[in-house]
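Could you build the full structure based on these sequences and the hints that come with them?
Chains as they are written, first to last, in the working numbering: chain A, 4 to 375; chain B, 4 to 375; chain C, 4 to 375; chain D, 4 to 375.
Just so you know, these hints were derived from the structure itself, not from any lab. There could be a bad hint or two in this list.
One copy or two, it doesn't matter: identical chains are merged, so the pair holds either way.
Below, a list of computed lysine-lysine pairs in the DSSO-like style, where the Cα atoms sit at most 30 angstroms apart [said to hold, decoys possible]: (1) Lys-275 x Lys-199; (2) Lys-268 x Lys-316; (3) Lys-16 x Lys-70; (4) Lys-140 x Lys-269; (5) Lys-57 x Lys-16.
None of the values given here were measured: they were computed from a predicted structure.
Each chain, letter by letter, is given below.
Number of protein chains: 4
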Amino acid sequence: MLSYITTGESHGKHLAVILQGMPSGLPMDLNYVNEALRCRQSGYGRGGRQKIEKDTVEILGGIIKGKTTGAPIGLLLTNRDFKIDRMPELTRPRPGHADLVGALKYEQGIRAVLERSSARETAMRVAVGSICELLLKEFGMDVASHVVRIGPAGAKVPDMSVAEIRRKIRNSPVYCVSPKASKEMVSVIDKARRNKDSVGGQFEVCISGVPIGLGTHVHHERKLDGRIAQHVMSMQSVKAVEIGAGTRLGEVFGSEAHDEIFYTKKLGYYHKTNRAGGIEGGTSNGSDIVVRVTMKPISTLARPLASVDMKTKRVAKADFERSDTCAVPAGSLIGRTLVSYVIADGFLEKFGGDSVSEIRRNLRSYLKQCHA
Amino acid sequence: MLSYITTGESHGKHLAVILQGMPSGLPMDLNYVNEALRCRQSGYGRGGRQKIEKDTVEILGGIIKGKTTGAPIGLLLTNRDFKIDRMPELTRPRPGHADLVGALKYEQGIRAVLERSSARETAMRVAVGSICELLLKEFGMDVASHVVRIGPAGAKVPDMSVAEIRRKIRNSPVYCVSPKASKEMVSVIDKARRNKDSVGGQFEVCISGVPIGLGTHVHHERKLDGRIAQHVMSMQSVKAVEIGAGTRLGEVFGSEAHDEIFYTKKLGYYHKTNRAGGIEGGTSNGSDIVVRVTMKPISTLARPLASVDMKTKRVAKADFERSDTCAVPAGSLIGRTLVSYVIADGFLEKFGGDSVSEIRRNLRSYLKQCHA
Amino acid sequence: MLSYITTGESHGKHLAVILQGMPSGLPMDLNYVNEALRCRQSGYGRGGRQKIEKDTVEILGGIIKGKTTGAPIGLLLTNRDFKIDRMPELTRPRPGHADLVGALKYEQGIRAVLERSSARETAMRVAVGSICELLLKEFGMDVASHVVRIGPAGAKVPDMSVAEIRRKIRNSPVYCVSPKASKEMVSVIDKARRNKDSVGGQFEVCISGVPIGLGTHVHHERKLDGRIAQHVMSMQSVKAVEIGAGTRLGEVFGSEAHDEIFYTKKLGYYHKTNRAGGIEGGTSNGSDIVVRVTMKPISTLARPLASVDMKTKRVAKADFERSDTCAVPAGSLIGRTLVSYVIADGFLEKFGGDSVSEIRRNLRSYLKQCHA
Amino acid sequence: MLSYITTGESHGKHLAVILQGMPSGLPMDLNYVNEALRCRQSGYGRGGRQKIEKDTVEILGGIIKGKTTGAPIGLLLTNRDFKIDRMPELTRPRPGHADLVGALKYEQGIRAVLERSSARETAMRVAVGSICELLLKEFGMDVASHVVRIGPAGAKVPDMSVAEIRRKIRNSPVYCVSPKASKEMVSVIDKARRNKDSVGGQFEVCISGVPIGLGTHVHHERKLDGRIAQHVMSMQSVKAVEIGAGTRLGEVFGSEAHDEIFYTKKLGYYHKTNRAGGIEGGTSNGSDIVVRVTMKPISTLARPLASVDMKTKRVAKADFERSDTCAVPAGSLIGRTLVSYVIADGFLEKFGGDSVSEIRRNLRSYLKQCHA
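Have a look at this one:
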């Protein structure tokens, strides 16, 4: 039901996005959106650009008197560091970036490639996803994400509710629930910066309150896990997506791998474990949606790797542009909003989607049926 | 450019698929397709159903005198074990399956759910993907996949070419390149069977010869890695998808994570390492496409887990239907064809797609440009 | 929500289609589908092929024990006149057909083009659309179509209900509501046949009982009239699509062009006229959906037009293959099912779509709201 | 390949659009776009709003140093008459508008509906379509449109080249090629205005230089005529779409209906007549694309029609908001850009689409093949 297109370049005057398919009648809490944008800009390990920008969005359409109308929602963000026409052309592509492949594919210079492939575009994806989170919240769902690894520093993660996660990361500079691991992660980032290096990591997204039945088992393109995987994997730097226990499920026997089914009149059908990460048969099963995501280290290194000058075809050090040391904390926020987008999409698909009041009626009648 | 829809149930009379978007002029080697179907049915750990069926496809349309015409290609497979109308209704959903969520979502019995959610449907996805492999081969690409883990038994995998992989798995009952690991994997499967249990694992897909420039960095929905992740994650039992070094990239520093760039007149731009798994910035970079996939253990257990009877709402052991012990070897074949599908799609998108001869001209002219 | 792909060639062994997106729990009345197929084959002016074939479909999937399951529905039709591999290659493209453009675009012979471009493919579109009609009927909608012109012979059409139309065309060999016009139309067809010529015409599709609110005004791709126009215009031979009073609305003033709005407690909002053809602002308005369609004469002429031999590039008479004299009556049936498809799609989109029982609840609650 | 989403309301601060899928390397001539916007605002019969606004667009993304980069193109237009939050709520829906259906469907007030359903949104569709025209021109295609009817005043239209049409409408206040008919049309509009009425009409779009082979005969959703019909029918006020001789083809015999085929070495295959409007078998045939479009009269009448007050459910005159008397001249411009969009889309689909230089190579090699 939902779709969106973003536009804009890293050092262009504006970034913008248009999101289509949201129902009418949803109160638009721009503070929530702007707070998500602020979190995306924060997190230990970010570089100088984030000190220049203070991302907030302006509404272009789709909202009248503070509520959605069902029409496409447009959002505009203005870059302070607007200088695209003064930025130099580059000729030495950075390993790990789109530089080389983009220049060859589009038969143009590297500058036109990196201005678009830059993760600055994710600001608009966060804006879209946080609007989706407003929809999820309207219907009792809750979202959180947290960093579980920065390079060699991994956090042990106990079972936690989504609300706990959200509370616990609040004081961590790296959005990690463990104060001890947070410290280790900060040192790893410091070490990387000292070495003119960068560092990768992992984060987890959790969404609670998702009704049973989003996605489907009947057609491959509509399976919820496939759709989550696509959206998350298409985020800059992501190299692995796991649902629930993920890769660990390849190491075990079936008797340890599945979540037994229980029922009480009050709760309906439920599970006590959640190895499935809330998705069975491509469909949400009522447990928390849990997605674990791995990001590679940022490709722009202050001590550049070997490359080739595309003009001379000679060996050269890769170009360097101002960059972050570690984007994993920011990434955890981006990933959260991307998963929220997919859940919102599956939710609107399941319940029909023209107004919040209609959806509420449809949802209630379905939930009643599920408990019967 | 490509899309397809499958139809059919596990114990229905037929399975079928229609694939749209293939160019004209591709010789249709049905032996290749049927051989892929045979491999899907094989692999140590498969159950009794595979002994009954001998999957081969009949052409419904899109091929005239042995060549594609550009029209949608229809394929039909006939089930020997056709008995859908005599199959009993079930009421005790199997944990890990679509049984419960499908019954609630579609407000129908479990039988109608499991007949469709069954991995038997992947026969048609293999048929589609292997036709895509014929296209890839026509343009010099090569495909392989191999099992790297069955439960606790993991294989050490040296660097290998796609051709080597294909050769080495030939004699392994579990499609693993290492004879030693193969043996261990077989014992793990035997153990699982003895214990009335099932077991998961991991496999890797590799595709060589993919030109630089499939996918794109400009729009999230067209990124090649996202599209691979969607298609692979939507396969039954898959819980994790990794590109290249995948989760390991979360543990390292940037200086160890990227693939330096080289150039020679003969090879054009190339890399000596392949941590990226052939994709940078959502775009193929000319290295082998490498995708690592984790499958959970099969959900149907001969010693069933706890469930709830949907009629009485009382605690009950889950239903049992004839099933495999381990589907990872078969899964490796399925996964290979799914990745091939995405690469074929990206290939047709890049080069325009009406006839093999037109594509050949367009590809040549592009490659010449890339080397310039 | 709905999509489908057809496969098969005019003289291939089979035609097939897979339809995705139908809800579960719809009783599958194959007689209804086969009766629609029979009507497509009938109608005065059809040629020899229709005497050979007796189209009925076999189910490939998506139906268990006579009901839809929510899974893709596959249908198979077997051609009696199966001889594709013995059909001669053609070299002299028929003006008006896809022959020339298809041969050039796909860089192949004309045979491979005409086997697919043949209107025989519409058998599968009729099968799909008539399944959609079963859904419409389940929710109180009713469908009909009737021929209003064959060449120079036009019928005067009084205001009629959908039920009346269906009843009145029953005894007309050309599916026209007026016995007098029917006779004239038959003579026109006879004249065309005598002259080794063909002849075009017009038909009208009417659907009653469509709830207010299918389609939307907010986004161009989801407007109901646009979607109808696409599906109908993509039917072989169609050259014009009109909604409601259509072209006549270009000749009048606003005061004569719109449908005033009324309200009673029993009926809710309604109109007494229907110049809009049931669609305002891209959205159904509760009046009958009325679509008028123009078909050009069949392109295959027994007295062929001038063409060029593609081998020699010399002037030549176009090739001739067995064909109909007039396909407008058959076309009226095809067009009806195509419009039904679009209405079903808009209906499922509006009300969410997993089971007939869920849709029924959602629809009721919406209609109650509309009357409030 | 192409897709776009518009955002913004009639009296909102901004309108915007994002267009995805344009290749890199296209020089962006903003004057051309702004001139199209100016023409959309002009034409005899427009109302007061057009005197307030002076539509020009600002680039949000996708263009660097005057050329497209392959990234989505964002365009922003700022409304002078920005007052959306001060606009009164309406309760008496205008017959012919989306007012009633939109209010019921989205369960909100009429204001939120009309602000989006307003044809002001077409400014962004014109912006998108005129960028597509820049692409068409880059490859030798040429576009024009002209009004052929305003209410009772019809123009006799001789055969003309696209260039002639463009030249001849320049001095007509209603964009009509005939000075005589222009005068009559102006009187009709004056009469409508005097009577507090509105009036409809017809226009024709013509595009020359379109290569053979855009669209396809193989799949219904990709047929070029269907896609044109969808986009044009989804334009505000349009009630009929005809390709080539359109409705007239229903009145004739086959011998008068098709375009014979000719060949010379210089021209390749061509036709001397163009009843097909440049499309056979859903595919462009090298002749001019000709589309005839009927617009109903504007629904907002200064002497309002009968309606119902949605609050009281009592009979009432419909609400009135400032409006045009006749939008057909403006509509002709909008329609032209919509058809250009579809042709550009089919063009990019056929030739692959990453850069203007790559497309040029692919096109040349194909045209050479077509002539062989």
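Checked hints:
1. Lys-275 x Lys-199: between (46 angstroms within a copy, 23 angstroms between copies)
2. Lys-268 x Lys-316: between (71 angstroms within a copy, 9 angstroms between copies)
3. Lys-16 x Lys-70: both (28 angstroms within a copy, 16 angstroms between copies)
4. Lys-140 x Lys-269: Answer is within: at 22 angstroms inside a copy they meet the 30 angstroms cutoff, but 38 angstroms across does not.
5. Lys-57 x Lys-16: both (14 angstroms within a copy, 22 angstroms between copies)
Of the hints listed earlier, there is not a single one the structure fails to meet.
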